[in-house]
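The listed protein sequences derive, respectively, from chains L and E. Everything in the first sequence is counted per our numbering, starting at 68 for the first residue and increasing by one. Everything in the second sequence is counted per our numbering, starting at 3 for the first residue and increasing by one.
Hints in this document: simulated from the structure, not taken from any laboratory. Incorrect hints may appear among the rest.
Facing chain E, according to a computed beta carbon distance under 8 Å, are these residues of chain L, among others [unchecked claim]: (1) Arg76; (2) Trp143; (3) Leu176; (4) Gly182; (5) Phe208; (6) Gly272; (7) Leu311; (8) Ser315; (9) Leu319.
Note that CB positions come from ideal geometry on N, CA and C, so glycine has one too.
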Amino acid sequence: MRRSSMILRVVVLLYVGALVGLPLVFVFQQALIHGLGTFFRALGDHQMDTAMILTAKVALIAVPLNVLFGVGVSLWIVRHPSWLTRAIDTLIDIPLAISPIIIGLVLELAYAQNGWFGSGLAALGWHVMFSLPGIVMASIFVSLPLVSRQVIPLLREMGNHQEQTAATLGAGPVRIFCTITMRSITWATAYGVSLTLARVIGEYGAVLIISGNIALVTQTLTLNIGANFDNFNDYQGFVGAALLALASIVLLLILGVARHRERKRHDYLA
Amino acid sequence: MPVLALSTELSKPTEQPPRKWRLFGGARGAARVVRVAGKSLAVTYLSLLVLIPIAALATNAFSKGLGSFWDAATQRESIDALRLTLLCALAASLLNAVAGLATAWVLVRDRFAGQGILNAIVDLPFALPTVVAGVTFYTLYGPLSPFHVNITGSWIGITVAIMFVTLPFTVRSVQPVLESLTFNAESAAATLGASPVRVFRTITLPALAPALLTGTGLAFARAVGEYGSVVFISNNLPYRSQVASSYIYSLATSGQTNSAASVAVVLLVLALALLVAFSYVSRRIARARG
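Isolated chain L, as found in the complex:
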């Protein structure tokens, strides 16, 4: 028994190590292969920096919108159930089952010049394709359910006894939300926010179609990495990849803390 569990442990460590650990180490090894000096010089690459700023802009718009939507819609689905919320509960998960390429394509069909709303929007001077709004929309689409999927089960399990008690004691809706609801879902929301941020920063396929991948204009950091690879500029690509890998490690740490805190809260209440 002891020997078999030892074997299982080694097999799992080898599998996860080879599949996930090795690529992660390899990214940094490739980025630092010419030494730290070259790495820092490569960080100043104008095209990469412009792409990075665009990615930051997109994340700053898309993530808050999706968090607001995610928390709001979770409260609605759990606290005021109806046929409409049941429909939303199902529809909201669709983005997880759709290929990013299809997400880009559907947005193009609806909002490009010759799409459903394209000509109307163009008349208003609003261009979705090959511009920031399109990239933001694609990012929102791919990460839409990530917050609500974390928050909904928690709200269901919590019930609303505490909130009712607070209301009986005379607390207003704003105060109830801030002191009770928000406080109990903080870590679940943080988990969802990190997943959303990771997905928005890392999106490739959907943004590729919608943005047109124009260097210095609509090229996000992930697209920049892909473009560098296509142009046989592997080293610059790995520098960008290392930056994103670093960001994902930070996000991973936040995810770990959020999961740990949420479990502690859960155990405390149970």
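Go by the hints and put chain E onto chain L.
Only chain E this time, still in chain L's reference frame:
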């Protein structure tokens, strides 16, 4: 019912609290206005971003008639891409069903130094951009591989990339169920002389089956649509190593939007059907177990 109505009537405060926001008829009224506005905004957001675009896709795919849709979907290139995608997705998610179960088991039932790192690193595919995984796998196992292994342009490379992307799904769905499982039934069976394999097969595995199926279904749905991590290592050779999403991309960017929409509808329906089938079977098993 009247009793209930009466009791809520009685529980209302007799004295109205001082009105702060007269405009909306008190704080309660303001909250109602905010709630209605929020609900309408949420529905609009979901419709404009997700539902209407998907409707546009379906309309576009059938806009030139059923015949044109069928022709685009049954092109040899399309059939080959869809078959390759499904086979690779199936291989990767089945492998990860086993590996994920083993990983969850080691994370819950085993204790060793560095376990926290293993637990954290399992989430990496959720956090690491797919394109980073894509270029890394291409360099690790491509023509310039430091291990002299070249799996580009074949189903093996595609499957490896998908295995990376879908690793966390099974682990994260099985792990909590395994944690909440008490040892009672298992130790009772062991006391009665059942071998460890038999205990696992007859007691532990059936309890984990619904979660395992749900996780595998999610992994499968994700795998079918995967693009960023696959496109570099696959080399995109039509008929040989072009996955469905990559085929749709090449159609969409070469002006064949209508064909792209048709293949996209097929892929979308496949992914949704798989997801529904997996969650249906998983619910049936869970219900059969009570």
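Now the hints, each set against the structure:
| no. | hint | in the structure |
| --- | --- | --- |
| 1 | Arg76 | holds, 5 Å |
| 2 | Trp143 | holds, 6 Å |
| 3 | Leu176 | holds, 4 Å |
| 4 | Gly182 | holds, 7 Å |
| 5 | Phe208 | holds, 5 Å |
| 6 | Gly272 | holds, 4 Å |
| 7 | Leu311 | holds, 5 Å |
| 8 | Ser315 | holds, 4 Å |
| 9 | Leu319 | holds, 5 Å |
The structure is consistent with each of the numbered hints, conforming to all of them.
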